[in-house]
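My request is simple: use the sequences and hints to build the entire structure.
Protein chains in written order, with numbering that gives the first Met the number 0: chain G, 0 to 208; chain X, 0 to 329.
If you are wondering where the hints come from, they were derived from the structure by calculation, not from laboratory data. Quantities reported herein were computed from a predicted structural model and do not represent experimental measurements. Hints may be right or wrong, so weigh each one.
[As the list claims (entries may be wrong)] Straight-line C-alpha distance at most 27 angstroms; calculated BS3-like pairs for lysine-lysine:
1) X:K101 - X:K133
2) X:K101 - X:K323
3) X:K161 - X:K133
4) X:K133 - G:K38
5) G:K38 - G:K3
6) G:K178 - X:K323
7) G:K178 - X:K161
8) X:K101 - G:K178
9) X:K133 - G:K178
10) X:K247 - G:K178
[Stated by the list, open to error] A short list of chain G residues far from chain X (calculated; beta carbon distances all over 10 angstroms):
11) S8
12) D12
13) E14
14) I45
15) Q173
Cβ atoms here follow ideal geometry from the backbone N, Cα and C, with glycine treated the same way.
Each chain, letter by letter, is given below.
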Amino acid sequence: MSQKLENLSALVDGEISQTDGHAINSINALQQDSEMLQKWHNYHLIRYGLRKELPTNLHIDIAANVALALAAEPTILAPKKGFRDLPVVAAVLPFIRQGGQLAIAASVAVAVIVGVQQVNNSPEIDKPFNSAAPILGVPGGLSPVSFEQSYAVPQNNEVEQRRKINAYLADHQQQMRLKTIKLADNPTSTPVQSLETSEIQSDVTDETP
Amino acid sequence: MPILVLGLWLPHGLSAQTNNQDEASESTVQTSYPSDTAEAWLVKMASAVKTLNFNISFIVLKPGVDSQPYLWRHAVNEDGIEMEQLNLLNGPGREMVRIGDKVSYFEPNVPPYTLQSTTINGPFPSELFYHPDKLQEGYEFVLVGRSRVSGRAAQQIRVISKDQTRFGFNLWLDQESGLLLKMNMINLEGQLLEQIQVTGLEVNQQPDPFFSRIALPMLPDVLVMQSTPEMAPRWQINYLPIGMYVAKQDTHRLPLTSELVDYLLVSDGLVDVSIYLQPQNNGKANQDLLGRHESNTILTRQLGDFSATVVGKVPPATADAIVKSIQFIQ
Chain G
0 MSQKLENLSA LVDGEISQTD GHAINSINAL QQDSEMLQKW HNYHLIRYGL
50 RKELPTNLHI DIAANVALAL AAEPTILAPK KGFRDLPVVA AVLPFIRQGG
100 QLAIAASVAV AVIVGVQQVN NSPEIDKPFN SAAPILGVPG GLSPVSFEQS
150 YAVPQNNEVE QRRKINAYLA DHQQQMRLKT IKLADNPTST PVQSLETSEI
200 QSDVTDETP
Chain X
0 MPILVLGLWL PHGLSAQTNN QDEASESTVQ TSYPSDTAEA WLVKMASAVK
50 TLNFNISFIV LKPGVDSQPY LWRHAVNEDG IEMEQLNLLN GPGREMVRIG
100 DKVSYFEPNV PPYTLQSTTI NGPFPSELFY HPDKLQEGYE FVLVGRSRVS
150 GRAAQQIRVI SKDQTRFGFN LWLDQESGLL LKMNMINLEG QLLEQIQVTG
200 LEVNQQPDPF FSRIALPMLP DVLVMQSTPE MAPRWQINYL PIGMYVAKQD
250 THRLPLTSEL VDYLLVSDGL VDVSIYLQPQ NNGKANQDLL GRHESNTILT
300 RQLGDFSATV VGKVPPATAD AIVKSIQFIQ
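Given below as structure tokens:
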């Protein structure tokens with residue numbers, strides 16, 4: 000067992016060369032062994048964690064376990080609420096299954112809004128961002144986006160609003176991805192190939208190195 | 000979930016050998032464009048993206064975000080099936096693999112899944128590659144001239160929205176292959192918003208060996224989408240920029256907050272804009288809000304008992320015009 004774990008660890012660390020027959024054997028063995036698969040998963044999580052590369056909304060079993068534990072908990076504090084209504088769980092377990100869409104939703108990283116600006120009822124729409132323009136700086140360097148807020152909103156409201164904005168952004172990302180499915184189903188979309196010329200075609204083939 | 004990503008590297012019987020497509024045989028089709036126009040270049044690009052075996056490295060630059068290097072590979076196998084891979088190279092990564100009309104997404108935070116789709120949802124607007132002809136309604140394409148990008152001769156094309164309501168683009172296409180070398184998204188004042196810069200381009204006769212290593216049975220199952228029951232819309236928008244159309248309308252729950260929203264997706268092929276309508280929560284007055292995230296504009300406005308939110312890469316004025324045109328159907 001310890002030998003197996005050591006092999007696995009070496010594999011995760013990339014210490015076994017990919018072309019090596021040994022590595023392929025290890026991977027094949029891994030696929031058969033659910034316990035080792037879990038270990039593989041955990042090793043990678045640890046690695047990401049150590050390197051501070053963990054995704055912002057991690058799909059991790061702890062959330063499910065917490066949710067289960069909470070569901071099993073006698074409902075004393077909030078008798079009328081299910082575990083899904085508890086704010087903590089809602090945050091830990093953002094994508095409780097609600098049909099096909101939300102299974103994907105989890106894949107969208109939580110977006111963090113960097114510039115929030117309060118607009119008056121008649122905003123001057125032409126010049127909405129009156130700080131530094133959102134441009135890339137000199138080639139190779141990025142200018143930071145400034146944080147804008149014309150007046151302080153109450154703390155709770157702000158947090159709530161940020162949460163909402165993040166939800167909208169995450170959903171927007173997800174919907175854009177799902178849109179491509181629609182495109183695939185669209186029978187009216189004709190391939191552009193009918194527009195190609197002999198000249199363009201020969202360009203492509205002849206000049207290809 | 001790295002397990003299956005690694006599964007892709009397993010050797011598999013599928014051997015990619017010669018790419019026998021004879022492009023000259025398709026050359027009987029006539030075009031309606033003269034050869035040296037922006038349209039002809041776009042057609043050339045669309046064709047190149049679909050038919051060439053290429054490996055492209057590119058970097059995505061966005062304000063306030065670290066640079067994102069990608070590897071993009073495309074090949075047509077001997078059966079004429081398109082295979083495509085897009086791989087984010089930094090960090091835990093994100094990998095998308097398309098085999099024909101199935102796109103598999105491998106991301107570190109969720110189990111892998113496959114969508115039935117003919118395009119990968121990546122940093123590029125896919126319509127630009129697949130249906131450039133459809134973009135002509137909303138945008139004007141202007142051939143600017145030649146310059147040097149990524150060490151290669153490039154044709155520059157400027158993409159301008161006809162009614163000045165959307166951000167513009169500058170494209171540089173490889174003179175030789177027609178592939179994209181650089182893409183800048185610029186605002187109406189001509190300032191740079193986002194940039195995609197190709198750093199390496201390689202066109203090969205043979206498909207990349209990577210594709211022969213994909214273990215097809217190991218790819219995740221296709222996710223079947225539940226079709227939401229059609230409901231009569233309670234609202235409509237009366238204004239859309241030229242060339243934009245309603246791509247989708249439904250009612251669904253938001254991630255994170257699980258709130259129910261009425262939803263409308265409008266698109267012109269280059270940018271997608273989401274419009275959300277939500278009842279205001281129990282009389283608590285929300286404020287109107289204008290923000291941005293990367294180059295997305297986020298605008299929330301109160302309309303009677305509802306709050307409407309627009310998210311998308313459009314100028315704030317356009318977002319505002321869309322929100323103001325929302326009309327409730329009695």
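Going through the hints against the structure:
1. The hinted pair formed by X:K101 and X:K133 meets the criterion: a straight-line CA distance of about 23 angstroms does not exceed 27 angstroms.
2. Our distance criterion of 27 angstroms between C-alpha atoms is broken by X:K101 and X:K323, whose separation comes to about 39 angstroms.
3. Between the alpha carbons of X:K161 and X:K133 the distance comes to roughly 14 angstroms, so the proposed pair stays at or under 27 angstroms and holds.
4. In summary, the hint linking X:K133 to G:K38 is not supported, as the alpha carbons are separated by about 49 angstroms, beyond the 27 angstroms threshold.
5. In summary, the hint linking G:K38 to G:K3 is supported, as the alpha carbons are separated by about 11 angstroms, within the 27 angstroms threshold.
6. Taking the CA atoms of G:K178 and X:K323, the gap is about 25 angstroms. The hint holds against a cut of 27 angstroms.
7. Distance check on the hinted pair: G:K178 and X:K161 sit about 24 angstroms apart at the alpha-carbon level, within 27 angstroms; holds.
8. For the proposed pair X:K101 and G:K178, the alpha carbon gap of about 14 angstroms is at most 27 angstroms, so the pair holds.
9. Between X:K133 and G:K178, the direct Cα distance comes to roughly 16 angstroms. Compliance with the 27 angstroms bound is thereby established for this hinted pair.
10. Proximity of X:K247 to G:K178 is assessed by CA-CA distance (about 8 angstroms); at most 27 angstroms being required, the pair is judged to hold.
11. Distance check for G:S8 against chain X: the nearest CB is about 14 angstroms away, which clears 10 angstroms, and the non-interface claim stands.
12. At the 10 angstroms boundary, the C-beta of G:D12 stays outside the reach of chain X, the nearest C-beta of that chain being 13 angstroms off.
13. Look at G:E14: its CB is around 14 angstroms from the nearest CB on chain X, clear of 10 angstroms, so calling it non-interface holds up.
14. Distance check on G:I45: its Cβ is at least 12 angstroms (rounded) from any Cβ of chain X, clearing the 10 angstroms threshold; non-interface status holds.
15. Some Cβ of chain X comes within 10 angstroms of the Cβ of G:Q173; the nearest lies about 7 angstroms off, and the non-interface call is violated.
In the structure shown, a violation is registered for the earlier hints numbered 2, 4 and 15, in ascending order.
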